[in-house]
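Protein chains in written order, with numbering that gives the first Met the number 0: chain A, 0 to 214; chain B, 0 to 407.
Hints in this document: simulated from the structure, not taken from any laboratory. The model shown is predicted, which means the values in this text are computed figures rather than measured ones. Cβ coordinates follow ideal geometry from the N, Cα and C atoms, glycine included. One thing to keep in mind: the hints can contain errors.
As the list claims (entries may be wrong) - So the derived list for chain A, only partly shown, Cβ under 10 Å to chain B, looks like this: (1) Leu41; (2) Gly73; (3) Pro83; (4) Ser98.
Said to hold, decoys possible - Some chain A residues flagged as far from chain B (calculated, every beta-carbon gap over 10 Å): (5) Ser27; (6) Asp42; (7) His50; (8) Arg52; (9) Ser61; (10) Asn62; (11) Asn69; (12) Phe74; (13) Gln88; (14) Leu96; (15) Asn106; (16) Lys119; (17) Leu129; (18) Arg141; (19) Gly178; (20) Arg196.
Stated by the list, open to error - Derived DSS-like pairs: lysine-lysine, alpha-carbon spacing no greater than 27 Å straight-line: (21) B:Lys325 to A:Lys70; (22) B:Lys394 to A:Lys103; (23) B:Lys11 to B:Lys394; (24) A:Lys103 to B:Lys324.
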Amino acid sequence: MGDNKLLALDNIDLSINEGDFVSIMGSSGSGKSTLMNIIGCLDVPSSGEYHFRDNNVSTLNSNKLAELRNKDIGFVFQNFNLLPRLNAQENVVLPLLYSGKNLKVRNQLAIEALESVGLKDRVHHRPNQLSGGQQQRVSIARAIAGSPKLILADEPTGALDSKTGLEIMKILNDLNAKGITIVLVTHEDDIANYGSRIIKMKDGKILEDKKNVNN
Amino acid sequence: MSITDLIYLSQKSLRSNILRSILTSLGIIIGVSSVITMISIGSGARIEVEQQIERFGSNNLIVRSQSSSNRGVSMGANSVNTLTLKDMEALKEELPAIKAIAPRVSLSTQIVANGNNWLATVTGTTNDYFDLGNWKFQNGRSFEEEELNSGSRVAIIGKTVQKNLFDTDSPIDEVIRINKVPFTVIGLLDAKGGTAWADLDDTVIVPLKTAKQRLVAKKFPGDQIRSMTINVRSSDLLFKTEKDVDTVMRKLHKISANGNPDFVIRNYAQFLNARQESSRVMSILLATVAGISLIVGGIGIMNIMLVTVTERTKEIGVCMSVGAKKRDILLQFLIESLMISLIGGLIGIALGLGVIFGVSEYFKWKMSLDYMSIVLSFVFSSSIGIIFGFYPARKAANLNPIDALRYE
Numbered sequence: 000m001g002d003n004k005l006l007a008l009d010n011i012d013l014s015i016n017e018g019d020f021v022s023i024m025g026s027s028g029s030g031k032s033t034l035m036n037i038i039g040c041l042d043v044p045s046s047g048e049y050h051f052r053d054n055n056v057s058t059l060n061s062n063k064l065a066e067l068r069n070k071d072i073g074f075v076f077q078n079f080n081l082l083p084r085l086n087a088q089e090n091v092v093l094p095l096l097y098s099g100k101n102l103k104v105r106n107q108l109a110i111e112a113l114e115s116v117g118l119k120d121r122v123h124h125r126p127n128q129l130s131g132g133q134q135q136r137v138s139i140a141r142a143i144a145g146s147p148k149l150i151l152a153d154e155p156t157g158a159l160d161s162k163t164g165l166e167i168m169k170i171l172n173d174l175n176a177k178g179i180t181i182v183l184v185t186h187e188d189d190i191a192n193y194g195s196r197i198i199k200m201k202d203g204k205i206l207e208d209k210k211n212v213n214n
Numbered sequence: 000m001s002i003t004d005l006i007y008l009s010q011k012s013l014r015s016n017i018l019r020s021i022l023t024s025l026g027i028i029i030g031v032s033s034v035i036t037m038i039s040i041g042s043g044a045r046i047e048v049e050q051q052i053e054r055f056g057s058n059n060l061i062v063r064s065q066s067s068s069n070r071g072v073s074m075g076a077n078s079v080n081t082l083t084l085k086d087m088e089a090l091k092e093e094l095p096a097i098k099a100i101a102p103r104v105s106l107s108t109q110i111v112a113n114g115n116n117w118l119a120t121v122t123g124t125t126n127d128y129f130d131l132g133n134w135k136f137q138n139g140r141s142f143e144e145e146e147l148n149s150g151s152r153v154a155i156i157g158k159t160v161q162k163n164l165f166d167t168d169s170p171i172d173e174v175i176r177i178n179k180v181p182f183t184v185i186g187l188l189d190a191k192g193g194t195a196w197a198d199l200d201d202t203v204i205v206p207l208k209t210a211k212q213r214l215v216a217k218k219f220p221g222d223q224i225r226s227m228t229i230n231v232r233s234s235d236l237l238f239k240t241e242k243d244v245d246t247v248m249r250k251l252h253k254i255s256a257n258g259n260p261d262f263v264i265r266n267y268a269q270f271l272n273a274r275q276e277s278s279r280v281m282s283i284l285l286a287t288v289a290g291i292s293l294i295v296g297g298i299g300i301m302n303i304m305l306v307t308v309t310e311r312t313k314e315i316g317v318c319m320s321v322g323a324k325k326r327d328i329l330l331q332f333l334i335e336s337l338m339i340s341l342i343g344g345l346i347g348i349a350l351g352l353g354v355i356f357g358v359s360e361y362f363k364w365k366m367s368l369d370y371m372s373i374v375l376s377f378v379f380s381s382s383i384g385i386i387f388g389f390y391p392a393r394k395a396a397n398l399n400p401i402d403a404l405r406y407e
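One chain only, chain B, in its complex shape (with noise of 0.2 Å):
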């Protein structure tokens, strides 16, 4: 008997009770969809960890100011500066896990440029921030040794300032005015997109000591900075090296081992490893759902196809009395279970392709589509169809010929 002949029996059998067949595979479909969600969140999670470390470099601990909290009310993130240059420097000079840093100033001003205002944030820094960061040039180029040491009025701008202020894509050479100070564009950033939270290509990159200069005297007096971008050798070192700053930066600001700070360390990894870590909890929480159910829907069919071979007991021996043998009857069940199963995996995966696809568009969560995960869907319900469907077509084979004929 060949395969095209029993699945076209099984098939009639199936089709006689739809409904029946479906529900048994209620199991498998609930199991296919977790499991493909599951892999779908957690590549997904990966790629944007990934994407995340691409925008904002790897291996960063990131020093700001803070005020320190004066009886448990805080004074607000911007109102003291207390980094300051001569930090950087001994931190430099302590740590030697330390790579490099940038300094950086900050503030967020109107940039005139060929008749066209724009708000952008403008910052003040060295050329490490550049590599820091993973900041790559469209265009142009870094500033020179002599530009950040004489202050020059040169500036490197981003992605969305170009757009909205230039209808070219080469603005190299033209002049822009921060804060009624006009400056040359001698560098364009390449675009890396925006976060939920801020579009990192508004920006406008000058150098620290023409800012300190010109535009933030105020705001940042003497060698005072905003913040600092660590870069540390190798990411075994980072959380060390986050401990040995906080150590080193009490001692510079002599504050005790228990004081309130008046600066905070921001660990990047931490915020990625955060991500990580909740994509990781939902993934385990899915293989819970995906393997409980495979399982309970293995059992659902098992039982269901014990019902359906003593339903048809009598079928059996009539199909053995015209010559079937233990075999065709194995096969034949086999084949029946194995259907259910795969119905439920084709209505599992369509089913996880639909969470897959909502949840992104809704809740903007990177999910990606792996596709070994549809295959490993297949070898998923088909063995369970396999395993499960074995003891009851087992039994129907094994059924005497004489008593199956008999039973009414």
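Extracted from the complex, chain A is given alone in its bound form (with noise of 0.2 Å):
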């Protein structure tokens, strides 16, 4: 407190291409959820840019962050977070509500991001009636659904037994085939193996940002 600001993060310089497959890695404290934050556009840097495709994030009010989460990106969190009272199409389809896609439009869209990944029984189902990894996959369909151009993974298979988590794990990586960039977040060296491009966290630092040779 007082004069001794803490620095979540502290002289990043990190640029990341379309279609990478990046996994961030570092202990609690390191920064990485941070980071997260920012290029999620959940957050803004309090000094510094961050620009993501040609929007200088930094300047943007709620709103415009808000439109470019909506557009451009697609979250999957350690938990899920998918809302109790609607069904997997409905949870689906919240982005696309925002966005004001037609209802038509919406539930096509839904449906076929539910199909891709591998839930076309399951639309009609609550969260309390889903597995953790069809929940997941759920809350994967609803990032994909209004085709983004990232998606950031927080702890993606935290939650997860690891025969489900190695599921989830191919689905990100059959999206970043056809050309998705995926941010992956995680602690556990075999899931940040998925990455080409590892980097490792510690003190709001970058301690290591590298080729995954493993890959």
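Could you fit the two chains together into a complex? Lean on the hints.
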């Protein structure tokens, strides 16, 4: 407190190219969550600049940030963050509601997205009627329904057993193969290994940034 | 995001908490039903007063004989007839505010006609009686000057008497026997309907002179009469004239200002005022209940919406992360509170209608349903939903997406 400002991120210089699959690793407090929030346009840096495609995000107001998240970014969370009262299809429709797509189009897109993650027969199930892996697949469907350029996955396998976790990673891998940029936050080495580039962070700084030779 | 989508999302979350939503709207329910009841009691009273004026005429004072009480013991209203036609003439002369006076003698007796008989009140009076009492003729005519002066045996009958004595709707020129004296029917009065205490249509009216000569000669000897109806020129003069009549009558009857009078003045406006006053008091009471419960209801909505916003903080974060703008979140919570208050409004309207029909059936109290009150209730409840829902909705909209997502 007082004059000692705590910097969550310090002197970060990072660029991610379209189509990259980047894994960000680091212990808690390393600043990886803050970095993710900035990349995901949930937050703006207190100083410095962040450019996302053609936008200087640092200068955008909350409405513009919301629009950007809605159109170009999809989030996949550790504990899925599905709305419990809505069924799978309605959850996937949510971002399309905010972008103002009409009823027919958004239902079509939602069903396609659910199909692509293998949940064609679960569209009317509520989250509490689905397994963890299925819920995470719904949340991936929600992330991709609006055809985003970037998917941010924050510990997507953290709440799943290893077999289901691998299934989820395979889906993300396939999405990357279709050209969607993936930024993955994890602290597990074998999960991070799916990335083509691994960034290690500590105390708000980038410790290591290298191509993943194992991939 | 369209309004239908917002409504769809809102009803989803309200339905997941039906009981809570209804309990929350309890204040609105009570408030709205009070508003509706209040308004219909008010307009019911107004209509009733208008009807009473229609029936009994407006701006009338009624002066009746009353035996002066002897050492605090009343001798009964009918025992002595202290009013006379001389009093009537004197009042007319002394008080220019008086437009007309109709004298009255009366008896209750058997009427026979057409092989039927019927007990009715027979009134002896003049033509002023019809004007002052707002009587209208369904058939026939009022008395002619000559009939009044000569004491002709002609009668005008009320609807109830006609129904009980005759099969026909036009009994003109038929003969009825009042106390065995034959009278010719010359007129039939329009029905006025009953009051709580008397059937106004159960009446036979004959010329004053005829009644005094042939029917009530013993009961009202000389120029004695039972009562008189005084019509005052305007309603502003009514209460002043009531005092003036009292003064003049005391002078005529030689009664001191603080002595017991041998007459009583009924001011019908007084009764109407009392009726209006009691419904006004009732309305104020209900308005207070309505006001308090609407405010309490509004605060209840605000309270539950604040709880809802806190409960759904994480959800709000999720919505924001997938692209909900502040405005979207604000609108969604506003619509939710609006829906709670409108549900309360609907239930309140239903309850209010139930109370209105129940009360008017059970107490025979005139209540009139004003459709404006239903519109007003919708306006009330929706504005309360919006006003009291705004603060929680704004609180939700202003959440920081990161904090909201992290909230457990």
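Here is what the structure says about each hint:
no., hint, result
1, Leu41, "5 Å, holds"
2, Gly73, "8 Å, holds"
3, Pro83, "8 Å, holds"
4, Ser98, "6 Å, holds"
5, Ser27, "13 Å, holds"
6, Asp42, "6 Å, violated"
7, His50, "20 Å, holds"
8, Arg52, "16 Å, holds"
9, Ser61, "6 Å, violated"
10, Asn62, "5 Å, violated"
11, Asn69, "2 Å, violated"
12, Phe74, "5 Å, violated"
13, Gln88, "13 Å, holds"
14, Leu96, "5 Å, violated"
15, Asn106, "12 Å, holds"
16, Lys119, "22 Å, holds"
17, Leu129, "16 Å, holds"
18, Arg141, "7 Å, violated"
19, Gly178, "21 Å, holds"
20, Arg196, "24 Å, holds"
21, B:Lys325 to A:Lys70, "16 Å, holds"
22, B:Lys394 to A:Lys103, "33 Å, violated"
23, B:Lys11 to B:Lys394, "21 Å, holds"
24, A:Lys103 to B:Lys324, "23 Å, holds"
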